[in-house]
Structure formats: structure tokens, C-alpha cells
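So the sequence lines, in the order shown, correspond to chains F and B. 284 is the number of the first residue of the first sequence in our numbering; add one for each residue after it. 11 is the number of the first residue of the second sequence in our numbering; add one for each residue after it.
Calculated from the structure, these hints are not laboratory results. Take the hints with a grain of salt, since some may be wrong.
From the structure, some residues in chain B lie toward chain F, with a derived Cβ separation under 10 Å [as the list claims (entries may be wrong)]:
#, residue
1, Gly281
2, Leu303
3, Asp309
4, Glu318
5, Phe320
6, Lys328
7, Pro331
8, Glu364
9, Leu394
10, Ile397
11, Leu402
12, Asp403
Label pairs and their in silico Cβ distance ranges [stated by the list, open to error]:
#, chain 1, residue 1, chain 2, residue 2, range
13, F, Gly622, B, Ala222, 15 to 23 Å
14, B, Lys328, F, Gly301, 19 to 27 Å
15, F, Lys311, B, Lys328, 26 to 34 Å
16, B, Ala23, F, Arg420, 55 to 63 Å
17, B, Glu350, F, Lys424, 42 to 50 Å
18, F, Ser457, B, Ala301, 41 to 49 Å
19, B, Arg347, F, Thr289, 30 to 38 Å
20, F, Ser457, B, Ala23, 57 to 65 Å
21, F, Ser457, B, Lys325, 46 to 54 Å
22, B, Asp322, F, Glu463, 35 to 43 Å
23, B, Ser176, F, Lys311, 57 to 65 Å
24, B, Lys328, F, Glu345, 26 to 34 Å
Just so you know, these numbers come straight off a predicted model, no measurement behind them. No residue lacks a Cβ here, since even glycine has one placed at the ideal position from N, Cα and C.
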Amino acid sequence: MPLFHTEDQAMLAESASGFMADEGNIAKQLRHWRDRDCKDGFGHALWKQMAEMGFTGMLLDEEDGGLGMGHVEAGIVLEEVGRNLTPSPFLTSSVLAATALKHGSADMKGRYLPGLIEGESVFAVAIDETAKHRPDRITTKAEKSGNGFKLTGSKSFVIQGASSDMIVVAARTSGADDEEDGITLFAVPKDAAGVEQNPVRLVDSSMASHITFDGVELDGDAVIGEVDGGREVLNAMLTAGRLGAAAEGVGVARGAMDMTIDYLKQRKQFGKLIGEFQGLQHRASHLYSEVEIARAVVIKAQQLADAGAESADLMTSVAKAKVAKAAGLAVREGVQMHGGIGMTDEYDIGLYMKRDRALGEFLGDAYFHANRVAEMSGY
Amino acid sequence: MSDIENFRTETRAWLEANCPPEMRQPVRDDGDVYWGGKNATFKNDAQKAWFEACVAKGYTVPAWPKAYGGAGLDAAQAKVLRQEMSRIGARSPLDSFGIWMLGPALLKFGTEGQKQKFLNEIARGEIRWCQGYSEPGSGSDLVSLQTHGEDKGDHWLVNGQKVWTSYADQADWIFCLVRTDKDNKYQGITFTLIDMSTEGCSTKPIKLISGASPFCETFLDNVKVPKSYGEDIPAQVGEINRGWDVAKYLLGHEREMISGMGGGERTAAIGASMKRLTAKTGDDLDPVLRAELAMFDVDALAFTAMGERFMDEMKAGKGHPAQPNMMKYTGTELNKRRHELMMSVGGSRALEWESEDTGGGKPSRNWLRTKANSIEGGTSEIMLNVISKRILDLPGA
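In isolation and in its complexed conformation, chain B is listed as follows (with noise of 0.2 Å):
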């Protein structure tokens, strides 16, 4: 048997042995969702052991470092671990904006002592992290932000609001872009890691039009923030000024990871399952409907196949590098579309914001929350702006 089925023979057997029954149930409720953090409780028993066999395992991060917490796979397996956690359900065992972007970001720019520290932290679930990037007369243009870090010797002191903090009235620290140079735009920003138990930051969460708070505006007053967490331990991630280049990789990256969710629920064909849906209450597919639906299909099988181009083409290096922001123009503007049909085909029934028949509104949610896909990360506009000039070089793009 080559290694990577004896890995897969291994993994297996793990799972089985670790992952409860309760956790290869699909997730019902937020509840369901472990986030980790100074803060954060278990809902129950089985997802406290899943967590903790996973931590031991370095499987929380299956693909960092072993010194980091992470299990060293290789991506070969990782894929099979993946696969295999699919096969069986299985739940990840916590989520989290530390292993999404700090992490990544960590792992290029960052330095020994803050690996040691801070993945470390995130691997085990002890710190939950959020983002502050966004602010409110910064959003597209984000460049031009105007928190603004000023040098006090052995610290910053900070001042400023960040806006679209996820999570930020649950998260433990910030991850922050913070001017520190007034007078060079690019060049002028520092990638900042902020504790937010510290005096003169506080949050607010803002409520969607989904009637949800995922989101908060988070205010830095006269936050004094320490040049130094420890020895090698900077509060800044690669050097003062040059926060827009992790800034910038960590989009690419987080565009990537959006343009990546190919497969599943997202890019799926609808219209049989409209068919169906409408059977149970007892409607008729209206012919032009129908017909939407079918060149929907089309749309979404299409974008199925380019899911898998684009995932092949990147495995072997070929492709353009700026492709994921065709990716995610492409499948958000689907997802929406997709929602729309949804919300359509289900008529009066998909318009109830609280029933028990709709899980408390969940159509109407669901299509609501997908306007935010061709916002947040990335705005359509910005993705064809990067086309224009990176892919197609128009002039003055």
C-alpha cells in the first residue's frame, strides 16, 4: 500500500475513533459552530471532545507546522483528511478568523516568536481573532484609512473606528491596519495586532437588513498599544509601513478562499429541486420561471466545470494569478441570482420571517445575507477594476 493510503487507512480509523456521532450531524444553528475564544462555552460534551481530540491532534490546522500546533500535512494529506472528514460528516472542529487570514498572513510575514505565540494560540482555540480593516469613509478605497497609530516611544497610541468587524463584541484581539505614516498613502500603513480587553476599545454590533449581527463597528479611543508583546514578539506583522502588503496578500488569499468554495450548495443546478419544492406546496413552475431556471442551470453547471479548471490550473501552477478575482466576481453575482430564483419560487411562503416552517425566515434570511457576497472582501466593481488592469492590461484600469 503506497504511504498516502496507509494515511488514509489511518485517518479513518482516527475519525472513528474520535469524531462523536453527534458531530457528523450537518450544522442546525450558530450553537453548532465552535469559535474558540477566552469567552466561548460548549454546547455539549461531544463537541468539547471532538475539539480537544482534534487540538491533540494538531488537526484544527492540519496543514501548519507541528511547532505551531498544526499536524505538518503535507497537501496531499490534507486533501485525503478532508475527504475523509467529508465522507462521514464530520463537523470542523472550530472555525475561526485566526486560521483563515491571521494565520496565512502569520506563516509569510511573520516573525519566530510570533508564530510560536500567536498560531499556537489560535490552533488551540484560546484567542478568537477579528479583522479590522473596513472604516467608514474607508471601504473600496481602503487604502485611504485614517485610524491612526501615533509613536509614543514603547507604544502606539491608537485612534480611530474600523467598521465591518466580524464577530469583533466576541473576539479576544484585532488584527488592524493602522496609519502610522500620514504622509505616504501605501507606505504608511502597519499591519497592528491589538488585545481588545485594553482600555479605549470598545464594540458595537450592527444589525443587517438579515436581520443578523455578524458584523460590528469597533472604536479605538486612546488605545495604548505596546510596541512589544515579548522577545521577537512585535505588535506589528512584517515591518512598520509595509502593513498593505500583508494586507494585500491576505485579500488575494481571502479572495481565494471565496473563489474556492466550488462544489456543494454553492455553484449546485436548482431547478429540479424548485421542481420538487413547488410540488410541495402544491404550485406549478410558471413556464417562464422555468425557463430562468434552466438558464440558471446552465450558468451554475458552467461555473461548476470553471471551479475545477481554475482549481486544476492552480495545482500546476498555470492559470493567471489574478484569476480568483474572476472567481469571486462570478460566483457571487450567481449566488445572488440564485437566491432570487429561490425566493421566487417559493412565493408568500419564502416571504415568512418567522415561522417554524421556514426555520424562523430562513429563505428570506439566507437571500438577504447573499447581497453581501459581491460586497464584503471585494466589491464586483473592485474585481472587474482588477480584471481590466491585471488580465486584460486596458489602459488606466
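Just chain F, same shape as in the assembly (with noise of 0.2 Å):
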């Protein structure tokens, strides 16, 4: 398959552009939302719009109510989100919790899905338990109870996790912390008893929990695919997860560079437009082929994944780390191009900044991806 959009793909990316552009603009939703210090840190009404859109349930299969899409077209929204900045519950909900659910029975999904597909719901997930990100390692225990389980531990960086109306919980059934398997993933209602939510505000107006986990009893009919056996879906949302916040960064670097690279053909000093400075124009450069790789490493992996090739793990992990280097080096070039006003809160540019921080460490930095890239080749 060659490395460029299909025909229906481009369509998709025609009309995802737009629309994001039209509603999921800066003034519109981001700055709207953090101005008016939102405590979701995004608007319901959009969700709903991205329901409309077709884009909620896009990755779920048909006979569940989705679309039965792949990869590349998750990421073809992914990456207009980023352009945007747009805050939505897309990538946590219909990328990483959906990813779960479509290995839920099928009580769990006609319990959940026609309300993600409606964007009447927003779900989060929980995997991270300390600051940075080792899913290899899951301490969060949940012991049989009864029919049940009881949840006993705590979790971080959980995107979203007071809006949620449902919590996909990796946590250990058996084995010791960092072994392979014994990992269970489980559906957790938000208001069940013993969830206590620490809600903050990131850096890039985003909310996310810090969450405890106090003996939370759970029926046996919140555990998503099979007791001890979670790490393959565990696995799979993480890929899912991984590629669609590779696209998004692609977005946000994409955008960054395109306002920038506009400032250069606008701002005079010394009497020329400062795009006219090699000094300039070579680092300008340098970023665009940095921006184009890591978009074609991105569409690669993403083909991979959708083939269900063997080396999409690996390629993902490529995609995540490169994309990570390039958005990270179009927004500090975008705040330094753009002088002193690249340091106002007026202006967009730093926005770029701070998501890209934000989005750069969620499932990943570049050096947990580069270091896997590494044992995954053997050294």
C-alpha cells in the first residue's frame, strides 16, 4: 500500500479539516473553555458535533454501531485536533478506552458504546501509576470479592478522569508487580463507592486525575476481556493510543510550523521581512524535513497497525519518539521565531508549547519510546 492517503481517506481529511477548523478552532474552544476556567477543560457541545461527524465510534466495528475504521483515519482526525489544539475526549474515549471496549463482552458494550457513539459519554483510562509512564509495572491490585473484586491502589495522569462517566482500570489480578501477565482491565463507573478523584489543571489547560482506589467493590461483569489476561488488550490500546497521539502531535507540530513560517513572511526588522535572514531560513528548513519524516513515519506505522503486521509495535514506538523530536523542536523554533510576542499569552504559538509538552509525555516520552525501539532490536 503506498505511504499517501486513499482516496476515501483524503475525503475523510478534507472534511475533518474543515470542520475542526470551523469548530474546533483556538478562540472557540480552547481559549473559550480555559478562559471561563472550565473544569472539564473541553465542550460537550463539540463532543456532540464530533458524534455527528461520525468521528466518536469511528474505530469501533460496524455490527457495535461504529464505522469499522483503522488506524490512518483515527489519525486523520488526530492530526486536525492537533492542528487545532482542540481539547476533546476523542483520543481517550474513542481511540483508548473504545480500543478496551471492543474486547468487552457484549453486556459491557451495549452497556457503553451507544453512548460513546452518541457523545453522550466520555470515558478515561487509568494506567499510569507514578510520573512517568511504565505500563510494564502495575501495582494496582484488584483481589476477588464474592462475585467481585475489590480495587486497592492508585493511579495518575488520568486525562479527563472527573468529566468520565466510566474509568478503564489496568490493574494486577496475580503475579508480582512488574511480571507480564496477571493483569486484568476493568470497567469502573464513575461514582462507584471508594473512587476518589484529585483533579488539576495541566500546563496545557487539560485536566487530569490523580485517582485512589479505596476497596473499590467491583462485579464481576466490570472486568473488560478475560480475568489475568488483560496485557494484550492492554497492548493494543497502548498501540492505538500511541499512534493517535502520534497524529495529533503531527498536528501540533504542523501548526506551529505553519504559524511560524507565516510570521517569517510578515515580520520586518532591519528593514527586511525576517524570512529574508539565512539564519532563519536554514532553521526553518531544517524543521520542515524533521516535520515531513516524522509525518511519513507516522502514516507508516499506522498502515502496519491496520495490516495488523508484526513490526507495527516497533514502528509505533519509532512514530511516537520521532514525532516527539519534531513537534517538540517546531514549537520551541515557533516561540523563539516569533521573538518577544512568542511569549505572550496572546499569542497561539505558546499554546502549541504547552500541548506539546503535555501530549510529548502521555504514553510516552521520546526517550521511554527510543529505549524501547532498543530492546525491541535487541540492545
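Hints in hand, dock the two standalone chains.
Structure below.
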């Protein structure tokens, strides 16, 4: 398959791009909610509109009411989300939680999927337990208790946790903390007794919770997939989420880069447009090159994952790491080349820098994924 | 069976019958590469047999028309031939700047007479060509070149000096940029074909930091270049004073060729093989070096995907026409970084300049060779200029 979008995908990209620019733009969403100190950090009306666009259930199977689309298509939407810095539950609900729920029972799908598809429900995922992404080590415990389980432990960096109707929690049902097996995924309703949320605002204005589970009683039907067999589903979630975050990162990078190159063509100093200075031209061209490479590896990894190829896992980490590097470069150069106004809140370039920082950390930063590439390559 | 599958079957059988086993071994030294030309000698009978079989079949230049010594293969057939040759590890029967550079220029700008004569000579490996572009005072600023051709009626009297002429000391002819109008910078250059056995033409090899001498200085002192080599065979390609167009086309072609070298050793990840190398010498990978290798591998694997996307987009007529400049810039910088890391992993062993262990100092000589990657065929800085101007549309670029 060639490494560019098919006709159908190009059409999706066109409609997603128009929609997000009109409805999801920075003034209408990110600044609007931030300036009102919104406790969700996103707009529910936009989430409904995204449902009407068919985005919310795009990764779900058709028999479950979804569109049966893949990582390339989800990435198309996420690139536009990234370009517009649009706060929305799409990545956590429609990509991460949806990937988990695909493995749920018919009963569980019936409980949660219609709300997701309609844009009524918001879901979160609770994986990290410390300040860094370390999914190989899961200490939150779920012990057998009657017909169900009792959940004890704590999770961090649960994006939109306090706004969610349900949280997918990765917990340990057997084995040692860093053992591969013995993980079980639970769908924990928001109002379950013993769930204590401590939501905090992050640098990019999004909301994330520290969550404590203090002996939370869960029915057996809260289990997603198999007891002790959650690692495989968790890995599928991580691949989908990392690919999604990488695609969003490409959007952040391109948004910041386009803004910056426009600025180089407008700002005058020493009687010249600053874009005439070779000192800036070469840096801009280097940035362009890095962002192009990041785009290429993202679509490569998406296609491999959609084809179920064995190398998809490796290329997903390559993509996440490469995007982190390229988008980081884009926002740093963006702020620097904007000069003084790049430091002002009024100008949008700083918002790109903040979003990139949070997005880069989500599901593993460049160091985490480069290390993973080395391990998977055998060194 | 489809036509293309039939072609694959035929090609496989032909290769089986004609490519000697010795010609399916990896190239070990310079003698394993056949460059053709008047003074060429074959290293052994197998090299000769393989070369002659390919000439007869048109496979030294498979995509050129049959009338010019090629096999007239279309793009799909040429790809099959490449695949089948690489499947058995077949060596290239003939390497030549005539094939890579002059040929494409003649196919685009040449007269019928020029094509008949020069393309057939190239395809049969009879004439070895070299390229005369750069001058001591004209590197990146190529268009400032001074080598002058004075109009003497039936001939040009050429005076000047060229530099970085690849293998000029072994070449028979040179395609050369000559200033034929001093008052017109861009439209005063003629793309001229010169027989290097003409009086006044001499060469001197340049020894590089790697110890090798693949390049020469070429001196042109009162060289009389006839304006015509026969009916419909002018000495210049394209029109007189319009050689810059031909040169620009070829530079684009060259960058595309360099940037198209995606895949293979140039872009592969290296961490795993570096780990094996340290195990062999009884060393451990320093953790910081390991981290650098990991970051390199991320960039290398991502660049491989970029190469694939670049080729896919080119084939589909998508993608920016100036994108080869980006590929050349990123690919060559990556390759330099690769060899820096390989030297660091190799430690003191990689410093050996002449030992048998290192195949005569391969690690250090190759490392030094890569420094030219981002200079030859347009420096990285020139590539960045082109991206600024043609892709980013920055003012005054």
C-alpha cells in the first residue's frame, strides 16, 4: 500500500480539516473553555458535533454501531485536533477506551458503546501510577471478593478522569508488580464507592486526575476481556493510543510550523522581512524536513497496525519518538522565531508549546520509546 | 499468467543462464566494479562474460530504447529486472557516469545523431565519461564558472580548470560546463562534450582525507574542441549558451538518485549490529552511547519510511518537486551521523588505518568518505536554501 492517503481517506481528511478549523479552533474551544476555568477543559457541545460527524465511534466495529475504520482514519481526525489544539475526549474515549471496549462482553458493549457513539459519554483510561509512563509495572491490585473484585491502589495522569462516566483501569489480579501476566482491565463506573479523584489542571489547560481506589467493590461484569489476560488488550490500547498521540503530535507540529513560517513572511526588522535572513531560513527548512519525516513514519506505523503486521509495535514506538522530537523542535523554534510576542499569552504559538509538552509525555516520551526501540531491536 | 509475470519468469531464466556465480558475490574491492572505457581491463573471465551478455541483451541500460543500446523496458519491467538481480545478488555489469548522468541529459536534450553515437557507446561501455562542473573558484556558486570557450569559427578554444572531476584520470571524454558568453551569467554557459585525448587536456588526481583519489583536477589549456563530431552531432548538448538548463536538470536528477538510495545499508538501524560488534571485541556498550544509538535508530527507521513515502509519491505524481533536496539533506546528514557512531562503537580498533582486521582501515576511511556526502552534488546548506525558496516560499531565498 502506498504511503499516502487513499481517495476515501483524503475525503475524510478534507471534511475533518474543515470541521475542526470551523468548530474546533483555538478561539472557539481551547481559549474559550480555559478562560472560563472550565472544570472539564473541553466542550460537550463539540463532542456531540463530533458524534454527528461520525468520529466518536469510527474505530468500533460496524456490528457494534461503529464505522469499522482504522488507525489511519483515527489519525486523520487527530491530526486536525492537534493542528487546532482542540480539547476533546476523542483520544481517550474514542481511541483508547474504545479499543478496550472492543474486547468487552456483549453486555458491556451494550452498556457503554451507544453513549460513546452518540457523544453523550466520556471515558478515561487509568494506566500510569507514577509521574512517568511505566506500563510494565502495574501495582494497583484487584482482589477476588465474592462474585466480584475489590480494587485498591492509585493512578495518575488520568486525562479527563473527573469528567468521565467510566474509567478503564489496568489492575493486577495476580503475579508480581512487574510481571507481564496477571493484568486485568476493569470498567469502573465514575460513581463507584471508594473512588477518590483529585483533578488538577495541566500546563496545556487540560484536566487530569490523580485517582485513589480504596477497596472499590466491582461486579464480575466490570471485567473487560479475560481475568489475568488483560495485557494483550492493554497493549492494543497502548498501540492505538500511541499512534493517535503521534498523529495528534504531527498536527501540533504542522500547526506550529505553519504559524511560524507565516510569521517569518510578515515580521520586519532591519528593514527586511525576517524570513529573508539565512539564519532563520536554514532552521525553518531543517524543521520542515524533520516534520515531513515524522509524518511519513506515522502513516507507515498506522498502516502496519491496520494490517496487523508484526513490526507495527516497533514502528509505533519509532513514530511516537520521532514525532516527539519533531514536534518539540517545531514548538521551540516557533516560540523563538516569534521573539517577544512568542512569550505572550495573547499569541497562540505558546499554546502549541504547552500542548506539545503534555502530549509528548502521554503514553511515553521520546526517551521511553527510543529505549523501547533499542530493546525490541535487541540491544 | 500476466505479461509481467511472464517477463519475470523469462528474466529469471536468462539471469540463471547468463550471470556467472562469481558475479553473484558481493563487491569486495574496486576491481570488482567494471567501469568500461578505452583502457578498461576485466578482472576475470566471469566479469567479461557477464558484461558481454548484458550488452547483448541491452541490460547495461535496461530502460533505454533499443535503438540506443538499451532493452526498452518499461518501468514495471525494469523494476522486475532489479528485483530479480538483487534476489540472486547479481552485480551491476557496468558502472558509469555516462549511464547515470550524461545519458539522461542526452535522452532529454540530445539530437538524434548524438543519441545514436554517444548513448550506444555508453551502453556498450566503450567510452568512459567524467563530469566537469566545479572549478576552484566555483563550488556551490557553480554559475560563476570561468572556464572559457572562445568561438574560433569551426571550433571552440577552451581554457580553464575543473576540479572534483570523478575518475577523470581514467576517463576518455568529459562533459563540461564552458562559459561561451562572458556577459550573460546564466545564459552564457554551454554544455560541451570534449575528447580528453585532445592536446592541452590533462588531469591530476586529488588525494582525499580518506587516502583515496576518486577525484581529479582537470586542466584545459588551449584545447581545440570541434563544433561538430559529424552530421547532427554537435559538440554541445542543448543549445549554445543554454547549458545551464541541462546542468540544472542533471543536478536535479543526481539529487533524486542520491535521495532515492533509500533502503539498504544507507538507512538501516545500526544499534543491534553495534551491540554484536562490541561483544566481538569484548566490550560493553556505554549506556550513553547506547542511548545515542537508540535515538539514531529512531531517526534512521523514520527516514526509511520517508524514503518509501517519497518514492510512492513520486511514482503517483504527488509530492513537492523540490522534495529530493530535502531527501538529500536529511539522508546525507543521517549517514554522517551513522559513521560517527560506528567509529565511537569501534573504539581504537576503528582507528586502524592499514590492518588486515579492518580490511585496510575500512571503518575510518568510510567514516571520512561520508563527510563528502553533504558537500558533493549540492551542499546541505544549498539544499536548505532550495527548501527555503521552493517549498517554504520564504522571501529573498
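For this session: Would you pick out the hints that fail for this structure and give their numbers low to high?
Result: 7, 8, 13, 18
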